[in-house]
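In order, the protein sequences belong to chains Z and S. Just so you know, we're using the numbering used here here: the first sequence kicks off at 1 and counts up by one. Just so you know, we're using the numbering used here here: the second sequence kicks off at 1 and counts up by one.
What the hints contain is simulated information worked out from the structure, not anything from laboratory work. Be aware that one or more of the hints could be misleading.
Said to hold, decoys possible - Coverage of chain S stretches by chain Z, computed from C-beta distances (three or more under 8 Å per stretch; other residues unrestricted):
# : stretch
1 : 25-34
2 : 282-295
As the list claims (entries may be wrong) - Simulated restraints, written as ranges between beta carbons of each label pair:
# : chain 1 : residue 1 : chain 2 : residue 2 : range
3 : Z       : Q29       : S       : Q364      : 18 to 28 Å
4 : Z       : E188      : S       : N22       : 33 to 43 Å
5 : Z       : E182      : S       : D320      : 41 to 51 Å
Glycine is no exception: its CB is placed at the ideal position from the N, C-alpha and C atoms.
Chain residues, written in single-letter form:
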Amino acid sequence: MRAYTPKDDVQAKAYYTDRYYVAPQVPKQEVETDEVFAADLAALKEKFDVKESFIQMKQMIVYINASDIYGVLEFLRDELTYTQLSEMSAIDWLAKDNTFEIFYQMLSMTKRKRLRIKFFINNGDAVDSVESLFRCADWSEREMFDMFGIEANNHPFMKRILLPYDWQGNPLLKTYPLEGDEFAAWYEVDKIYGKEARDVIGPEIRDTARVDRYDSERFARLGFEVPKGTEITGNEEPNKQDYQEEGGVFLVKKFTKDASKIIDDPQR
Amino acid sequence: MAQVKNRLTPFFENISFDREDNELILNFGPQHPSAHGQLRLMLHLQQEQIVKAHPDVGYLHRGMEKMAENMIYNEFMPTTDRMDYIASSSNNYGFALAVEKLIDVEVPRRAKVIRMMLLEINRLMSHLFWLATTALDIGAMTVFLYAFREREYLMDIIEGYCGARLTHAAIRIGGVPLDIQDTFLSQLKTFLDKLPQNIKDYEDLLDTNRIWLMRMEDVGVISTEMALSWGCTGPMLRASGVQWDIRKEEPYELYDEIEFNVPYSDKGDNFARYRVYMEEMRETAKILYQTIDMYQETVKNGQTDLMAHAPKYISAPKIDIMTQNYSLMQHFVLVTQGMRPPVGEVYIATESPKGELGFFINSQGGPYPYRLKLRAPSFWHTGILTDLLPGHYIPDVVSIIGTTNIVFGEVDR
């Protein structure tokens with residue numbers, strides 16, 4: 001029987017973890033320890049439902065309801081001077097509890113503060129687009145859609161951005177395989193030449209380091225060169241490689257180290 | 001189809017004729033020499049004027065975030081080189097800093113100084129490269145040759161330090177691997193002494209050049225609101241009237257001990273961006289002079305450490321590994337299994353030559369990051385073309401792409 005491998009997270013795993021190892025935590029501080037953040041949070045709490053908030057690495061992290069995101073970002077931008085959305089994306093927690101965690105990294109240039117707005121959505125749910133507040137979310141949301149398959153409501157152009165439109169799957173999901181399967185090996189052959197050419201061309205070789213020493217079509221076989229396409233037996237004589245005849249060639253001088261001049265001033 | 005005698009019937013695969021109006025769709029790229037990489041622009045044209053622009057990216061996508069999730073932290077370092085490959089040390093640094101914050105180690109002072117030198121040399125290299133290629137796009141071949149000559153000297157210095165010219169991988173998590181070579185400071189000084197004259201030469205060629213001014217002035221105007229809304233950072237933002245430099249506002253390394261100005265302009269056009277880049281080169285030279293003094297001070301004070309001491313996360317110096325059993329065991333575990341940072345999240349932004357380079361890391365206590373998001377400035381500097389290009393003419397596209405200074409290694413990641 002084969003060993004069971006979980007299908008909901010197929011990413012690389014540590015091959016050994018001490019059974020008594022307890023991972024330490026990055027310390028979290030109360031929001032009250034920073035006056036600027038405390039004031040911002042108080043203002044935010046008056047209008048919106050704040051689930052959790054703390055300071056980590058000098059940045060405030062605020063958990064809100066998924067439905068509030070447009071209002072919260074509008075409030076942050078217009079009232080609290082968080083005028084830039086630096087980054088937004090998702091974290092895949094599907095294996096744990098079938099949710100995605102969405103984060104919005106905000107920057108206030110007048111306060112010199114950064115905070116992160118976060119919320120959870122269930123698998124298959126969409127987020128509200130903030131593209132009309134921050135134009136950069138146009139591309140970020142498309143990237144999130146591309147990488148996780150999370151759609152944004154009211155987005156003007158919800159299409160893949162980095163991958164081709166006909167791509168299957170969402171690469172940053174933990175369920176996304178790290179190696180191509182049987183289908184992937186034939187994908188380009190089918191696409192470019194058609195299925196009927198499979199016998200002629202063969203599957204795509206995905207091992208980038210593979211060298212076939214009996215292949216005289218694609219590999220040079222350094223030191224044992226033969227004409228292209230020759231059948232190779234493995235008993236070829238080595239080709240003695242001389243870059244220049246002893247007698248010398250017209251205009252070309254043989255390199256002798258003693259006669260050469262070494263320039264040691266790097267500025268020349 | 002019948003041939004009309006006095007008219008050619010060309011076959012344009014890029015142009016669709018089945019429209020009521022005269023709108024024409026032009027595919028610009030992805031193999032256009034002035035697209036600075038694999039940028040494809042779908043331009044809707046009315047005559048020569050652009051009415052709609054649709055940038056299409058992803059031709060260089062290598063899935064770096066995915067790669068990061070399946071690599072130990074140190075393993076990912078050389079991959080960051082391939083983001084902004086014009087200034088690769090700045091990517092190395094952004095990643096190293098984010099992990100250092102996560103594991104909470106303090107980098108020794110000499111390593112900090114060396115890192116700052118590398119960062120600023122990279123900034124100069126990047127800006128010189130920007131100037132060269134943009135000027136070449138506009139048609140100023142001479143500037144290209146001059147700027148590449150200077151960049152060559154810098155690449156030689158870097159090559160002397162780490163052996164690579166483009167993909168340096170010269171920074172490690174916790175410090176730097178090597179001290180600078182003996183000739184480093186003298187070479188750098190020689191270069192810096194010449195630099196003001198070099199910059200003046202470029203400016204003499206460009207500042208009053210009629211063609212340059214026509215292509216640059218009042219072309220591609222980005223308002224402050226637009227720059228903020230599109231997430232513009234770095235010179236793109238500073239040329240649009242926001243004096244925001246992360247080195248100044250949220251200082252990392254030893255930037256708070258250094259005197260430098262943050263040049264900015266409120267014009268927002270191509271020419272403003274050009275001026276910001278030129279002034280930044282001068283400021284960078286100023287910073288480099290100060291780092292040379294700082295380095296000599298560390299020599300005087302005998303601060304020779306180059307890597308932080310944190311045996312849980314960072315391998316001991318080579319001499320210890322070769323002589324002490326416990327250091328060797330630690331090193332073995334750190335190389336084969338990788339460091340395991342604490343559970344938590346970090347977002348660290350640094351000022352790369354292109355803008356705010358951010359690394360968001362979510363660690364779940366394992367040797368692989370659970371989620372790593374790369375915030376590359378060029379991504380949004382490409383996106384802004386959607387709103388920036390309409391209203392401009394085809395030749396302006398080239399100069400606008402030039403001054404946005406986008407690098408596709410980091411747009412597509």
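Going through the hints against the structure:
With 0 residues having a Cβ less than 8 Å from any Cβ of chain Z, the stretch 25-34 of chain S misses the three-residue criterion, and the hint is violated. With 0 residues having a Cβ less than 8 Å from any Cβ of chain Z, the stretch 282-295 of chain S misses the three-residue criterion, and the hint is violated. Evaluation of the 18 to 28 Å hint for Z/Q29 and S/Q364 yields a pass: the beta carbon distance comes to about 21 Å. Separation of Z/E188 from S/N22 is about 39 Å and conforms to the stated range, judged on CB atoms against 33 to 43 Å.
For the pair Z/E182 and S/D320, the supplied restraint of 41 to 51 Å holds, since their beta-carbon distance comes to about 49 Å.
Taken one by one, the earlier hints fail for this structure at numbers 1, 2, listed in ascending order.
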